[in-house]
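First to last, the protein sequences are chains E and L.
First residue of the first sequence: 7, per the numbering used here; consecutive thereafter.
First residue of the second sequence: 132, per the numbering used here; consecutive thereafter.
In short, the hints are calculated from the structure, not lab data.
Be aware that a few hints might be false.
Label-pair ranges, simulated between beta-carbon atoms [claimed, not checked]:
1) L:330 to E:44: 29 to 39 Å
2) E:89 to L:482: 55 to 65 Å
3) L:330 to E:18: 30 to 40 Å
4) E:23 to L:395: 45 to 55 Å
5) L:416 to E:51: 58 to 68 Å
Listed next, the stretches of chain E that the computed footprint assigns to chain L, with coverage defined by at least 3 CB atoms under 8 Å from CB atoms of chain L [what the hints assert, rightly or not]:
6) 49 to 62
7) 165 to 173
Heads up, the beta-carbon is just placed ideally off N, CA and C, and yes, glycines get one too.
Each chain, letter by letter, is given below.
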Amino acid sequence: MSSVVRVFSLLKKDITLEFRSLYAVGSILLYVVTTVFIVYKAFNTLEPRTWNSMFWVLFIFASMNATLRSFSKMSSGNSFFNYSYLDPSEFIISKILFNLIFLLLIATLTFIVMSVFFSHPVHDFKLFCSGAFMASLGVSILCSFSSAASTQGASNATIMSVMSLPLTIPILLIAIKISLQSMNQMNDSTISSDYMILGGIILLMFGVTILLFPYLWKS
Amino acid sequence: MDLKKHWYKVAAVLILTYVLLAGLLVPLKPGVLTVEPYIIRSEAINKLAVEGYNSHYTSANGDIAVWLKLDSIQGIKANKVTVLDDTHLEVVFNISQPFPENRPTGTLMVHNEKDGTSLLPNFKLSNAKTDKTESFSGISNSVINMPAIFFTKPGWQFPFRPFLHETIRNTFFHVAIWMAMFFLATVSLVYSILELRSHNYLTDIKASSFTSITILYGLIGIATGSLWAKTAWGVFWTADVKLNMATVAILIYLAYIILRSAIQDQDQRARVSAAYNIFAYIAMIPLIFVIPRLPNTDSLHPGNGGNPALGGEDLDNALRYVFYPSIIGLILLGIWLSNLRFRVESLLNKER
């Protein structure tokens, strides 16, 4: 069995487990609708710039909540099985992919719910979607890493957000810039260099995560 | 006392004493502080009040020559220079012909044998007429090739730069402390890698003590930068990409301290915080070295948009004699502080 097949079977297992209860999707839907509704009651109407910043703030906190449990739901017997049968890098890649799917779901849900309450200001959908995808990928790598680290330690939700929030800032800053560009809010001809930087940061963080994860999951 | 073990502390004290004394006592080169008005009009009599800094106009040997430099070779000599006192001059330029259209600014040069030549760049040239100025249509000094009399005052003095003035001394503290901070962060990274390889709890404590001094240096770096910004830009904080990224880097390292305090088990704490430290260091590289250098990033901070920075002619040799020792001294002091912190933490660990 090649490692790609193993990664995908791990991913399939995670998805089956998660969607069997509908707890995950339901809680995220509720979270997104509630927060957007609070924003709606607070603002009533949103300028494109405010729309953009609210979208990313809601997105980042929803994704913190969602990815927090990606390692904590493993029982000790389960993790012993993982430890003895699986390769750590395959394991973390499957987790990253799973979190990526989850974050894309969150981004889509947030976008749809926000578009229902406020009309959306996006002009260039291709640019917006690619920016959101890159940001989701980066945040998913970061959250998988810090979730693994925080589960090892105190398994404390605060620790994870303390660890990952400062690390997500560069990714979010560039993603915000890209999505502002997609709303025609700024005229920037250097958007391709932003993509390069974002891709570089993501690759760097992916490499470090693969390198460090074996040390984190031994306990 | 065993000198072999403590040499770096002695060196730190000596070097930092030298840096403080030289950095604060060596005078600035003579320069031109202000000129009122900051504009020269063509076809008019221009009376300029020049205020010098560290200059000796009354005791200068020979004439004081004031030139308006138009390009790299040509200039106009002032018609009359009156010395009011050591730091004040009254200069008259009688200009009859209009300036070339492609020359919006020139450089004002004040020269005497004792002080050397002082420059004031970006001096505005105008062809527009106003009612206030005395119009002049007589014969003025014509634009000629400038004589090769100009030199800067010899001796060990820091350069006089417009807007920075005396605050240029902050280079030895603000810039040097960021460099020392980066060195300490690297040492901490090395200890974290060693910790992941060897699982020795002492390397973990070493890494954490170096990180705490890294954070201390970072905070001092931000504080000195903020004070400098107040005098150079007029505000303590601007929405500047370098400032914001430096803050994010400090936040990432503060998260490291919080992470450590949250984990009780010693082995787990060592492993998790070592992994996080490596991650934080690598995340810091794009923050500090890549994002601020992106094209189209507006920044007042040196190194962006034509602002002076390290390297090239901006770092004068006179500054180098203090700046490089300052980096070394601050690094040695940082190692000393980290070792003290290490001893306290390892004692606390023994008690537990």
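Subject >> Outcome for the supplied range 45 to 55 Å, where the beta carbon pair is residue 23 of chain E and residue 395 of chain L >> reply: Check failed, 30 Å falls outside 45 to 55 Å.
**OP:** Confirm or reject the claim that residue 330 of chain L and residue 44 of chain E have a C-beta distance inside 29 to 39 Å.
**Re:** For residue 44 of chain E against residue 330 of chain L, whose Cβ atoms are near 47 Å apart, the range 29 to 39 Å is violated.
**OP:** Please count how many residues of the stretch 165 to 173 of chain E have a CB within 8 Å of a CB from chain L and say whether that reaches 3.
**Re:** Contact hint for the stretch 165 to 173 of chain E vs chain L: holds, 6 residues under 8 Å.
**OP:** Could you say whether the range 58 to 68 Å given as a hint is met by the Cβ separation of residue 416 of chain L and residue 51 of chain E?
**Re:** With Cβ atoms ~41 Å apart, the hint is violated.
Original post:
According to a criterion of three or more residues whose C-beta lies within less than 8 Å of a C-beta of chain L, is the stretch 49 to 62 of chain E covered?
Top reply: Violated - the stretch 49 to 62 of chain E has 0 residues with a Cβ nearer than 8 Å to chain L, which falls short of three.
**OP:** Kindly confirm whether 30 to 40 Å is satisfied by the beta carbon distance between residue 330 of chain L and residue 18 of chain E.
**Re:** holds (36 Å)
**OP:** For the range 55 to 65 Å, tell me whether the beta carbons of residue 89 of chain E and residue 482 of chain L fit it or not.
**Re:** violated (34 Å)
Figure legend: structure checked against the earlier numbered hints; hints not met, in rising order: 1, 2, 4, 5, 6.
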